[in-house]
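Protein chains in written order, with our numbering: chain A, 1 to 157; chain B, 1001 to 1767; chain C, 2001 to 2274.
Everything labelled a hint here was simulated from the structure, so no lab data went into it. Keep in mind that the hints are not guaranteed to be accurate.
As the list claims (entries may be wrong) - Restraint-style ranges between C-beta atoms, simulated for each label pair:
no., chain 1, residue 1, chain 2, residue 2, range
1, A, E112, B, A1113, 55 to 65 Å
2, A, G30, C, R2147, 19 to 29 Å
3, B, H1136, A, R111, 23 to 33 Å
4, B, G1274, A, E13, 29 to 39 Å
Said to hold, decoys possible - From the derived model, a few chain B residues whose C-beta atoms are all more than 10 Å from chain C:
no., residue
5, E1565
6, Q1672
7, L1693
Note that the Cβ used here is the ideal one computed from N, Cα and C, for glycine as well.
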Amino acid sequence: MKVKIVLNGKTREDEINSDQLLIDYVRSHGCYSVKRGCETSNCGLCTVFLDGKPILSCSLLTARADGHRVETLEGLQKEAEEFGAFVADQGAEQCGFCNPGMIMNAIALFRENPDPSEEEIKEYLAGNLCRCSGYEGQLRAIKQFLEYRRRGGESCE
Amino acid sequence: MRVVSQPVRKKDAMALVTGKPVFMDDLAPKDCLIVKVLRSPHANANILSVKTDVALKVPGIEVIYTWEDVPQERFTMAGQTYPEPSPQDRLILDRHVRYVGDPVAIVAGENEACVDRALRLIKVEYEVLPAILDFHQAMDNPILVHPEDNWVVLCPVGADNQRNLCASDESHNGDVDAVLKDCDVVVEGTYHTKANQQAMMETFRTACYMDAYGRLNIFSSTQIVFHVRRILAKALGIPKSKIRVMKPRIGGGFGAKQTVVAEVFPAFVTWKTGKPSKMIFTREESQVASSPRHEMEVTVKVGAMKDGRIRAMDVYTLSNTGAYGEHGPTTVGLSGHKSIPLYGSLEAHRFAYDVVYTNVMSAGAYRGYGATQGIFAVESAVNELADRLGMDPVELREKNMVREGQVMPAYYGEQTNSCALDRCLERAASMIGWKDKHPCRDMGNGKVRSVGIAMAMQGSGIAAVDVGSATIKLNEDGSYTLLIAAADMGTGCDTILAQMAAECMECSVEDIAVLGADTDSSPYDSGSYASSTTYVTGKAVERACAQLKERILEVAGEMLETSAERLVFAGDRVETLDQSASVSLAEVGFKSMVGNNHALQVTESNSSPLSPPPFMAGAVEIELDKETGHVEILDYAAVVDCGTVVNPNLARVQTEGGLAQGIGMTLYEDIQYDDKGRLRNNSFMQYKVPTRLDTGRMRVEFESSYEESGPFGAKSIGEIVINTPAPALAHAIFNATGLWFKELPITSEKIAMGILERSKNAEKTPF
Amino acid sequence: MLKIKEYVKAESLEQAYELNQKKSNCILGGMLWLKMSDRTVQKAIDLSGLGLDTIEETEDSFSIGCMVTLRQLELHPRLNEWTNGAIRDCVKDIVGVQFRNLATIGGSIFGRFGFSDVLTCFLALDTYVELYQSGVIPLEQFVGIKRDRDILVRIIVKKTPVKCVYMTHRNAKTDFPVLACAAALSGQTDNCRGYVVAGARPGRAIRIEIGTEEVMRLRKGAYTKEDLRSLAAGLAKDILMDSNMRASAEYRSHLAEVLLFRCLSTLQERGGEV
């Protein structure tokens, strides 16, 4: 079947299989940041935006994204660099495999809730697993980024 | 120090946080055959027949291999220095399958869909055999996991396949029975840990292709490029010179990738077909057919006097290596050799063990490598001893812990020349508020808060065995390239080693490019395991840099027409002693390309006769709900002595990551098999690695000793960090409930029902 | 691995219903559960073009379209105000935000899964399901019906005044519940009902009515702690539990006493007029 999807700002028309998952669609279009970590929708590595909302690309049919906007980290490089620098300054990126999904979801958090409490940060990102870092470094990075934003650094918008 | 001990950003950090395509499946050739294996549904069976004719007809299928197509010489998949202590008990495909998940056939096809179809169409007839699923029943069981004649073990590890024994040994110092008899108090306990999964986010995966020289190229997410080359050569029956192994960025390893889990299958396909192929394990495969921690049952007897002197320790470990013996003979040793030495007061100790084969997934290497299991047992026993003596557990340890300068009979007779364990313990206790919080405070709402504490140790590389090497070369612009084969799996060793090189060469980390892990171009390295990279490979970097400076002085000497003795290496330049003349490093670099006989490239190999232990203390505060049994971690204080801290950021994150894994092992990761030998935790839905809501606050500090034999005084940190949570949490739970839990995980059910059981019994006894 | 031969975006409920009568076809909810199955589906019917993704409030009810996501439920201010935050409480521990942006209430309720937090919570409220063919029936009745090929169009929560609380015990924070409990006091002064619900037993949620006298006492705040424990124990003892990977039946029974006590305590604290 045919689909028309706006992927990272570019409108694409493709012929796809009915049961193709969005993660395979975006990776086939060069969005290699989107990773697969499980088969049961538990890990959050495959997080992308659908019309600006964070979802699991492993669990959405490409067909359902027809006529919609999809964004991956490839389309959010400026925000990724800006926030990612804070993660890098903690050494918390470690193996990096969980980073794209976590950073996508963090960007979604910053947009939805510009001043989250520690509790709210953890709850929002609960669906993003990490096995390397113990999560604390990511939290430090987020807090420092929010502080930087409060003091007038450029926002994520 | 300018660079070492600085929180330098990892060299690959920005690429990773912006999602650049740097992992195996981002870089593998686009037209790879997809390789999967059909797996045995039985825990123990012989294959009577495999019918592949229908499956072969599926459009897109390239080949299907069975046990009849593979070489018949057994090998081991363990990433260890040759001759491997692990038994040579594997075949690429075996007629005898020994666990649920053991590969039966290899299928390669153009795409995943056709391979999945073909897998379903292969018809296998099994002769199902009775299976050994309980490791207590394995030794001398008439059912043999490895009855075959060509099972071979290259080292005297006490293995005997006719007894289902993978390893067995005993060592002692002094007369432990006599001393125990003489003790006022003896605490004895048996502690059971399970086959936890490393569960790194990137599953096992390998791509293979033939190169221009007719060689098999392996592009794999592995910690052990050189061991992979040797093991594949043996498995395929081809010369090592026909194989090249490389690694890209790795999405985590923790020891899982210190075993040749996936490589052999696509390697066989590509070697046979000449076509590029790749294999990516699903999460399910990574859960059920991988290389988890060895299930162990550790029995500890610790004897002390009323005044708190711990005089004797007797440890026996029964370890379950599963269907194959990878890392079986080696992990078990740490359960005693890296737990008992925590106590320098011992007059006698004994350590004995048996490692048995069973029909479950073969265990492998997981951070801690046996020390984790042993320390859970020993530290729990010591905490129980403190309780029996009526003595504060911190005080008891202060009386008995190993001190700097002591010889450790249980640690291969090594002397610890760098030990800040006493400061670690003091600081951890202080951070957690031990004096005010020990043992327990009733919050008045059905919840109690309590604290627990534990010490830990590990090693730094395998003494006299592990080899780390480094090649450093000066480029024409005055920058350097550092070539290593130590595998950065996210830990940041590329960066750490560059920091050391930058310190030596008096430049910035940005001036050092690091190239990792290629058997063609990297100097030999055993690989990243056993906490060896910082200590063993780091020293090689130091030595190589020292030599390179000599060479630079030689070339500069020719340029300045003086002898090298009259020159000083000054970072960006070389100058005469009186500073009257100099050449820049870039000029030296250029000179090395014109009429030059002194290669500005040096390779050094390093191996240490020592393995200086890092030490640490971990203290935890929990809130426990006595009715539901729920444990909430409020605070974890970890203080680490890893020698000089090369990169404080990375050391801190390593510690936090290790704590999270230890917490998972202790509270959440509940390995369960069914009665047919199938692992029930076959996904992240059923195997609960901690989320960020499960771990709680962590605070990490460092109390550094200085290890003379280490680069810049450094030891190691990679593994020790997982070793304190199990005993510390078990201790806190005891302090909260009065109940000792000796089997992991300690679930809320065990706690709640334990409390319930005890109150029912209390009701029964009137006094 | 799920295989789908043809994807159909339904243009009407009638079309969706017609297509769904074939056994080899199925309706797509959030697809999270379906994705893990090994099924081959001929036609996968997507309802996302039918405007069923909103929560409408009228004078006497909340009307929740079947394609409303769990995240929408979580964030809906009025729905949560009405239920003392119980709706938010029943979804917030489910895996993660990204998951809840996909999972639908229709999928949760129609599935009638044992582990379902959503089903457990909605059973405590005055909830009805609107089925395309069978019309509007109480959720309590729907829970007991075998799965058929009807389509769940809407979930209707009548705005009966209610005091409601939802609690679970989980082995890890975002895992399936080991036991899910809800309790509610609803209705007017002269016609007040009380319910407790237990789900993830591991069997699906069941609702038990609290006796009229007990309801009155709860509303008056007349229970002592000990008496509340007896009340909870009494309600818990008839709830059938079973064992699975996550817990034993005995532990679940014990938890039921504990959680129902805590639910009822909370209700009593909130107490007074509903």
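Non-interface claim for B/L1693: all C-beta distances to chain C beyond 10 Å? Check fails; 4 Å does not lie beyond 10 Å.
Determine whether the Cβ-Cβ distance between A/G30 and C/R2147 falls within the hinted range of 19 to 29 Å. 42 Å, violated
Closest CB-CB distance from B/Q1672 to chain C, is it above 10 Å? Not fine: 6 Å to the nearest Cβ puts B/Q1672 too close to chain C.
For the hint 23 to 33 Å, verify it against the beta carbon of B/H1136 and that of A/R111. Distance hint for B/H1136, A/R111 is violated at roughly 55 Å.
Determine whether the non-interface label on B/E1565 survives the test: each CB of chain C must be over 10 Å from its CB. 65 Å, holds
Has the hinted range 29 to 39 Å been met by the Cβ atoms of B/G1274 and A/E13? 37 Å, holds
Beta-carbon spacing of A/E112 to B/A1113 - inside the hinted bounds 55 to 65 Å or not: 38 Å, violated
Figure legend: structure checked against the earlier numbered hints; hints not met, in rising order: 1, 2, 3, 6, 7.
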